[in-house]
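Asker: Residues per chain are reported as follows:
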Amino acid sequence: MKRRDFVQYAGLGAGALMMPSLLLGKDIPTEALLEPGMDALIKKNMADVALNTAKSLGATYADARIGRYLNQYVFTREDKVQNVVNTESFGIGIRVIANGTWGFASTNSVTADGIKKATEQAVAIAKANSKIQKEPVKLAPVNAYGEVSWKTPIKKDFKEVPVSEKVDLLLSANAAALENGADYVNSALFMINEQKYFASTDGSYIDQDIHRLWPTFRVTAIDKSAGTFKTRENMSAPVGMGYEYMDGLESEKLEGPAGLRLYRNSYDMVEDATVAAKQAKEKLTAKSVDAGKYDLVLEPNHLGLTIHESVGHPLELDRVLGYEANYAGTSFASLDKLKSGNFKYGSDVVNLVADKTQVGSLGAVGYDDEGVKTKKWDLVRNGILTNFQAIRDQVHMIDQNESHGCCYAQSWDDVQFQRMPNVSLEPGKDKYSISEMIKDVEKGIYIAGRGSYSIDQQRYNFQFGGTVFYEIKNGEIVGMLEDVAYQSNTQEFWNSCVKICDESDYRLFGTFFDGKGQPSQSSAVSHGSSTARFNDVNVINTGRSI
Amino acid sequence: MAIYTKEEARKILEKALSFSKADACEINLSGYNSGNIRYARNTVSTSGFSSNQSLAVQSSFGKKSGTATIDEFDDASLEKVVRRAEELANLSPENPEFMEPLGPQMYDESITYSESTANITPEYRAEVSSKSIVPADAKDVTAAGFLNDSAGFSAMINSKGLFAYNQSTDLEFTVTMRTNDGTGSGWVSRDFNDVSKFDADEAAMTAIDKAILSKEAKAIEPGKYTVILEPAASADLLRNMFRSLDARSADEGRSFMSAADGKNKLGQKIVDERVSIYSDPLNTEVPTSTWNGEGQPLKKTSWIENGVVKNLAYDRFWAKEKGVEPVPFPSNAIMAGGDASLEELIKSTKKGILVTRLWYIRSVDPQTLLYTGLTRDGTFYIENGEIKYPVKNFRFNESPIIMLNNLETLGKQVRIDGNLIPYMKIRDFTFTSLSDAV
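One line per chain: the protein sequences are Y and X, in this order.
Residue numbering for the first sequence is 1 to 546, as defined by UniProt numbering.
Residue numbering for the second sequence is 1 to 438, as defined by UniProt numbering.
Treat each hint with caution, since some may be false.
Only pairs whose alpha carbons sit at most 20 Å apart, straight line, appear in this in silico EDC-like list of lysine to aspartate or glutamate [unchecked claim]:
1) Y/K127 to X/E123
2) X/K64 to Y/E147
3) X/K215 to X/E123
Derived, one-sided and incomplete: chain X residues facing chain Y with beta-carbon distance under 10 Å [said to hold, decoys possible]:
4) A85
5) A126
6) S129
7) N148
8) V175
9) M205
10) G253
11) L342
Since the hints were made in silico from the structure, they are not lab data.
All figures in this text were calculated on a predicted structure; none of them were measured in a lab.
Just so it is clear, CB atoms sit at the ideal spot from N, CA and C, and this is done for glycine as well.
Work the whole structure out from these sequences, hints included.
Answerer: Have a look at this one:
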């Protein structure tokens, strides 16, 4: 598989602005994934070279991140293995404040000499740019944690699972899809291990071992005589878990409407591929939707992307302040709306939380990339906007004195900046199932899985598609629909939320490829929710002929 | 890091190849220096410099291949990386689509390198930022911009006698100017291989003027409008269409280029007969490397001529399957334009919308190549040949195929993201809702 093909494949359905940079790194043999890497004591000594050099050159603050990134990707198509890729990337990134201005440099030469040179470069950049800096950088205080460590709580390390087992699983899923009517099927496993060491002049030395996993596929059904095709993607989520996610536990399965199978903390890829193939064929003859107002019942693997775009991004303080104005944009959720204390972001049942500690999520870490211990906090409570997402050099601008701990860099050679934590919709308090939700709807559409997504540069007007759509009439599913997309604006949409299923339906959506910044960086993030209902949403018909 | 000359690169590659014991071996060597500055809120935010080089060896025994990379180029390291690639090849499964490396090829000399771009300094980057920030401050506007420059090389060799080398430089600049009352926004994008063509003052003033002109936009009803698309607005839609010109997807029935009964649309007229799109690595405005990553020569190639699909991209495997010559994917897109300036296009428009750029474009339906997205940073209502007032941004749902069938007028070409795209006037462009975003 060529890089262009990989990028196209990896971009499929991801809640992202731009392309991934996951393939950065050197190809290595599979067994090299198990090599332990640099000892923590040596990393501490190397980090101290950076911190001491920075201080000797006049920096008032410095941090060093020594990163080792081990990735494995397995790609298959029908009955063929397209590629198995193992990569390693290792180096150090040094960030300083000198003359009140940030400077950053990185090197893959993790030696005393290499680190010293990179630190000198970071300080020189800070000093050169301080001439056009208007106000000195102001950092919120942070505790010195000393020498601490954190690890994603995994049960099965992907690096210890034989490649043959992974290949067998993907080919089994492909075979199931082909046997059930698919004409083509692509499948892949993305496996990530970030071994990150952070040290700063504040007195922390933090060693973290982070794991992420993403199984995915796309099946295609074709009507050759008509020259038409339809696709159906997986119902899995990328997760902050080990390979145990692939166990397909019955206890973690949920029954969706019309034979749909949904998954919580464990994924049955072969079963999902089987259902997907049947649904892809069904889509070829599904009824084209009549445009109009519908009550929408949105499944969590679909709603996650809507949360990502209409809540996660607009509540990033760097966007609110204008730092992303030239690229990802700004935000309608301005500072005055927060300060008012009564901005109605959603209806009373809407509670949205940011959480960097959520087990199984992509964004879970013990400490962020500037040494702040992670936490959970409210963004919207009972429909009212209550907070943003901020990092150390921003919180003073919203009259707060503690970072929210959501600073992240995609690699050791990229500068860290504010990234979205896991942002999730809290489940409803009363016991309420998917079937009960549908039973309440007179004219509506049930939408599952992610699809097309687009939102304006202030995160207001949006349009979303989905993977599968079912028409609801008088409390019952009456058939599959196609050509469905809904349009709304953020505030109207969240204020139209009338009901949310309880905790038993709660699931995580996620993306590996949330893009932001210049040069652009990717980060991985999850969004949890239970199935929720939104009344009177505008649905358009996207069918065209060319 | 040094940008290796052709002879320096050849020496390293030949040495590495001399260690190969595989049936076939292909080695790529590349490196770059890249610097950037980012600013927002009329002050600098981040800035950095990166440099890297890498050598990748692909060794093959029969249809089994392995790849290994390294960034040290002494003899022992080169031998080590070749051995590792061979070990991996022996462990790998057979690839039924494996293609033998190409033999020696003839390449045109590329024109992608400019010494002046390679010599850009941190001071120059700060000066470009200042040229945005100072005039923005003076006009009650806030600047947010990004400048990235790079110089690099790539080279490859293989066991069949192929050798290729290219040096290139690039500069990319964008700036968004937002009026301080929050009601206006303007933007420009500039990119060049040669920095001497870049005028930072002109770019900044264009964005500032547009921001001020777009203040206090009025809402008008969404619907079908005649639009004048600036090249930055249409480029993304056209690029998405271009990326879909893959023969294999078309033949397999999963592309907008697929036709009934298992055929593809090669040779069919799919858009207005005035539309002609080609690629040319030696175009002096948008030069690219004259070979691709597989060592295939890149030549001037027509893709759509007078509205008819002239070529689809065939990779080497699919070309063999279909019994045709391979056609490599293009590295730039050049759409033939007309003589009309933007001013002339506006003057000839009775009622219409001028669009600066489109944003967050995503595929809605690959079957019809339908995309959605929004206008951004300067959208204006035209009446009787004049810009009357700024209008609020729209969401669109449109296919570039439908758009190019609704062509009214082609204007002058402009370089955008390494491509040459003309201004275009299009009738019945579909806006489906309004956005309050500025």
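Asker: Is the hint on X/N148 kept, meaning its closest Cβ partner in chain Y is under 10 Å away?
Answerer: Hint holds; X/N148 Cβ to chain Y Cβ min 7 Å, cut 10 Å.
Asker: Can the hint on X/A126 be confirmed by a CB-to-CB distance to chain Y that is less than 10 Å?
Answerer: holds, 6 Å
Asker: Assess, step by step, whether the Cα of X/K215 is no farther than 20 Å from the Cα of X/E123, and give holds or violated.
Answerer: This hinted pair is violated, its Cα atoms lying about 34 Å apart.
Asker: Please check whether X/G253 passes as an interface residue: C-beta within 10 Å of a C-beta belonging to chain Y.
Answerer: holds, 4 Å
Asker: Is Y/K127 close enough to X/E123, meaning Cα to Cα at most 20 Å?
Answerer: Given that 20 Å is the threshold and the Cα spacing comes to 11 Å, the pair holds.
Asker: Given X/L342 as an interface hint, is its Cβ closer than 10 Å to any Cβ of chain Y?
Answerer: With Cβ-Cβ at 23 Å, over 10 Å, it is violated.
Asker: Are X/V175 and chain Y close enough, Cβ to Cβ, to be under 10 Å, as the hint says?
Answerer: holds, 6 Å
Asker: With chain Y as the partner, please determine if X/S129 meets the hint condition of a C-beta pair closer than 10 Å.
Answerer: Given a least distance of 6 Å, the restraint on X/S129 holds.
Asker: Can you verify the interface hint for X/A85: is its Cβ closer than 10 Å to any Cβ in chain Y?
Answerer: holds, 8 Å
Asker: Restraint: X/M205 near chain Y, CB-CB cut 10 Å. Satisfied or not?
Answerer: violated, 16 Å
Asker: Would the hint linking X/K64 and Y/E147 be met if the CA-CA limit is 20 Å?
Answerer: violated, 46 Å
Taken one by one, the earlier hints fail for this structure at numbers 2, 3, 9, 11, listed in ascending order.
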